[in-house]
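Based on the provided sequences and hints, a complete structural model is requested.
In terms of the UniProt record's numbering, the sequence shown opens at residue 1 and continues consecutively.
Below 30 Å or equal to it, Euclidean Cα-Cα: the simulated DSS-like pairs (lysine-lysine) are:
1. K129 with K114
2. K256 with K42
3. K129 with K117
4. K327 with K117
5. K327 with K114
6. K327 with K131
7. K131 with K114
8. K115 with K327
9. K115 with K129
10. K131 with K256
11. K129 with K327
It should be emphasised that the hints constitute simulated quantities derived from the structure, not laboratory data. Since the structure is predicted, the reported quantities are computational estimates derived from the model, not experimental observations.
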Amino acid sequence: MFTSLTPSKIPFRYLHHAATRIQTTQATFYYLKDLPEYRVTKPYHINVPEWALPPGQQSNEVSAPFSNISVTGIRSQLHHFTLDQNGFQVEREEERGPHSLYDCINFEEYAEEKKVKERVRPAVESFLKRKIPGVEDVIAFSTQIRRRDPQFPALPRGTDSRKPQPVQGVHVDFAPDSARTEIAEFLTARGYSSLAGRRWQILSVWKPLFGPLQDWPLGLLDYTSLDNPRDLVASDNIYPHVIRETYNVIFNEQHKWYYLEDQQPDEVLVFKGFDTHATRGHARVSLVHVLTFSKFALMPRLRTHWLHPRLDRGKASNVNLLSFILKDRQ
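In structure tokens form, the structure reads like this:
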């Protein structure tokens, strides 16, 4: 149930799209190859420049493209998708002002990490408290801004490895142990000593910085179409300061993919990174993938250009915020 989409608050563009038929397009997805070696050797990727490592040592991950996969637009059926059933949902930020996720910060200020921490993280905490039922506490602990390099995807990691690019491979951000490790220091800082028996989640809040987004939108997999654990392969994402265990994904023709057409900056994708109560009938995670359209059903793929001296030249530009969610005692 989407509290933000009551009839009195639906903007004109919602009314326009509601009368249209469901849009379906096709895209190419990069899945991990189902190689026998991954049954005995864990996939990994080392996030340092390739030239700094011995030849062939940066990664043992081998992905393969799967083309012409159907992707369904969800704009005309938003109420059908929920966090607990499908692993994702769409919420709209109606608030405006310093506590609003929509305009708590100017576009140019996203280049300033200090301002992002001071303004955007409190705004996402406020947003999730208003939008997610049964929330006792929220801690926004990570922010990542992706600005597509003009050379992407020819260069999958762009021309500057310090500037994150859209992630092409189908993946899950957290394996369970990694999720617990990721939030430990933030919980201690907030004064939590134990969460034994409590339900908590890691949620991603994802939105474009301008819209409508038609260049590299985010694809989301319906959790009910996932064959877990057959489809998920635990993998190590290695950085100089930390090793994060994530999941790569094996192709399954039963997978059902969705995306939000023409997403605007006040339209927010909320999806799960982890949920301690997944074994109680709830979706544990959401699988994501940036969309490379091989055929657009109803409109040409548009390219939106912008220029800012500190944000660099780019096209698709979005912010992804990770938050710890502590649910009320039940």
